[in-house]
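What follows is the residue order along each chain.
Protein chains: 2
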Amino acid sequence: MAVDTIRWTGKSVRIIDQTLLPGKLVYLDCRDVETLWHAIKTLKVRGAPALGIAAAFSVLLGMQSYKGNDGRDFVKTIEKMCAYVATSRPTAVNLFHALTQMRVLAKKNERLSVAMIKAILTSEAMAIYEEDRAVCRAMGAHGAKLIKNGATVMTVCNAGALATADYGTALGVMYAAKEAGRKFKVYALETRPLLQGARLTAWELRQNKIDVTLICDNMAATVMKNKGVDVIFVGADRIAANGDTANKIGTYMLAVLAKHHNVPFYVVAPKTTFDLKMKTGREIPIEEREADEVRRFANIMTAPVGVNVFNPAFDVTDNALIAGIVTEYGIIQKPYGTNILRALQAPKV
Amino acid sequence: MAVDTIRWTGKSVRIIDQTLLPGKLVYLDCRDVETLWHAIKTLKVRGAPALGIAAAFSVLLGMQSYKGNDGRDFVKTIEKMCAYVATSRPTAVNLFHALTQMRVLAKKNERLSVAMIKAILTSEAMAIYEEDRAVCRAMGAHGAKLIKNGATVMTVCNAGALATADYGTALGVMYAAKEAGRKFKVYALETRPLLQGARLTAWELRQNKIDVTLICDNMAATVMKNKGVDVIFVGADRIAANGDTANKIGTYMLAVLAKHHNVPFYVVAPKTTFDLKMKTGREIPIEEREADEVRRFANIMTAPVGVNVFNPAFDVTDNALIAGIVTEYGIIQKPYGTNILRALQAPKV
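Heads up: the protein sequence lines correspond to chains A and B, in order. Here the numbering used here is used: the first residue of the first sequence is 1447, the next is one more, and so on. Here the numbering used here is used: the first residue of the second sequence is 1447, the next is one more, and so on.
Hints should not be assumed to be uniformly reliable.
To be verified - EDC-like, lysine to aspartate or glutamate: derived pairs with alpha carbons at most 16 Å apart:
#1 B/K1705 to B/D1676
#2 A/K1671 to B/D1676
#3 B/K1457 to A/E1729
#4 A/K1470 to A/D1450
#5 B/K1671 to A/D1450
#6 A/K1673 to B/E1734
To be verified - Simulated coverage check for chain A against chain B, where a stretch passes if three residues somewhere in it have a Cβ under 8 Å from a Cβ of chain B:
#7 1628–1642
#8 1686–1693
Treat the hints as calculated values from the structure; they're not laboratory data. Here the structure is a predicted model, which is why all the values come from computation and not from measurement. We put the CB at the ideal spot given by N, CA and C, even for glycine.
Can you build the whole structure from these sequences, using the hints too?
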């Protein structure tokens, strides 16, 4: 992939400001935790796997300014900072997993020198980053076989290179199929209100010379009925123990439409997106964002001032609607309850 | 209704320029057929019943400039003009019905004086306008009983006062329920790409003090699942003999989602929206509009320049998904084939 979505420079977290795409490709150096928090909140960096990496890197940022010598005090600072980063966005579990992983590791080593703890945390954050790259490739390899030559594929939001440290989850499957020499066509849903499908997925797929057609979200049903869609891939922000999947708003819609049209509907997500503490999707917290994301575009009001808006950023797709979950371990199928547990206990890739 | 969507002033067709709503309420006087054609094409005036009226009024506009004395020649001019107006938009059948009605009437009277033919056509156009008002009220009365007190209602696009000469089709049902003293809540889908739900329906319902919440189209499924929706009403642009219904893109999506969530899905449309020449919805021509409606907003590109777009303005909902069609004659139910024929042969309201 030509894009470098997120990277630790040694002094800053360098991200692509995704709110400026596709118009401008601008890199932003976040030099303190507050700047990164704001970048996460405003979706300059987004996508569940990328948010996990951003969370790990936030610890590297935060520890830069710590000048003391007391390990225990240092770890307390880290813990506070992790609690702060956790307030940025509530739904993608990868963010919380990475914060927990960093926090627990820091705590475990609090008796060491500050310099040593910093070195351990840096190494861990880099491992999280590197693992995401390997995991993307593994998911791609497993999922690519679901795309036949000549297929028509559909996706929503952006679960691509711009959502990960490598070539993505749902889009990673497509990149892997292309690398395997298959030709296929993709319908990308624009994904209101923030148009990640139009701005990011259409851009990414074109950059990678994949045949993409952009549609509004409300056109997915008519495309399934009249154009024929062979398979749907979506990413995930959090997957419950029973396979219920929280992902970008519109995903559940797409899954219901897929069922009606007999189109297999696959979720593509790494281990870090599973949250086994959640028994079902009903327990997953769903972020609601501000009304003006729906009511205005740029500076233009597109709806009456003050009109009520319901703006959930995610929805939950019932496990029954999901044909399989493509992970780095392979494709998990029903019954999800037992098969998810079994897959996640497999050795690392 | 406080709004006066379309009116014949005696010299011009006065319409609300709906592309400027909700920001500005601007009336536009179309003083020649070309201006009106352009207003129809660019959706300054839209909605199937309003397009029927606009088509009838276009004849009044066109005949103003005719200065000759030969009835036959005058009727030829009318026929040419009707053929021109028919090229404005292809899907709403009301437009074609009104043009045919005016053209046939002119032809039938071609032996009369030009002044006499003009008087007959003026009277006919005004009758089409007045009938739409009566028909709106009749549909409202029949449909209102489907909204129980405390209900949650959903609609897409704008099938309200701004789509007719009176208080609308789908929204007319809501206005009638309100007049009957019922309290209820409406979720309005914004309706991409041109946001008629956000710009027009949210505005109309607020003007009429109906509790409305605006959502993006891709949120309809999660609202049905989590908020509970009791009934859905949509308008129609053309209904085939078997009940298959062409309406704004997103309608078919909504019907499939309604089926999955067991929500009754009603079409509200007058006799003039039926096209019995079409056996099924597959025969209904579907307008495809330009790519930039999806790719840009105002002057801002929201997708990569040149990316492929599929932009159908309408979709077709299979009759099996429709719980009933609310008309001025009452609510038509399955089997639609026979019941539509029977209802349309009933005496006029």
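Going through the hints against the structure:
1. B/K1705 to B/D1676: This hinted pair holds, its Cα atoms lying about 12 Å apart.
2. A/K1671 to B/D1676: At roughly 26 Å apart (the allowed maximum being 16 Å), B/D1676 and A/K1671 break the hint.
3. B/K1457 to A/E1729: violated (63 Å)
4. A/K1470 to A/D1450: holds (14 Å)
5. B/K1671 to A/D1450: Distance of about 38 Å is beyond 16 Å: violated.
6. A/K1673 to B/E1734: holds (14 Å)
7. 1628–1642: holds (count 7)
8. 1686–1693: Coverage by chain B is violated here, the residue count being 0 at a Cβ distance below 8 Å.
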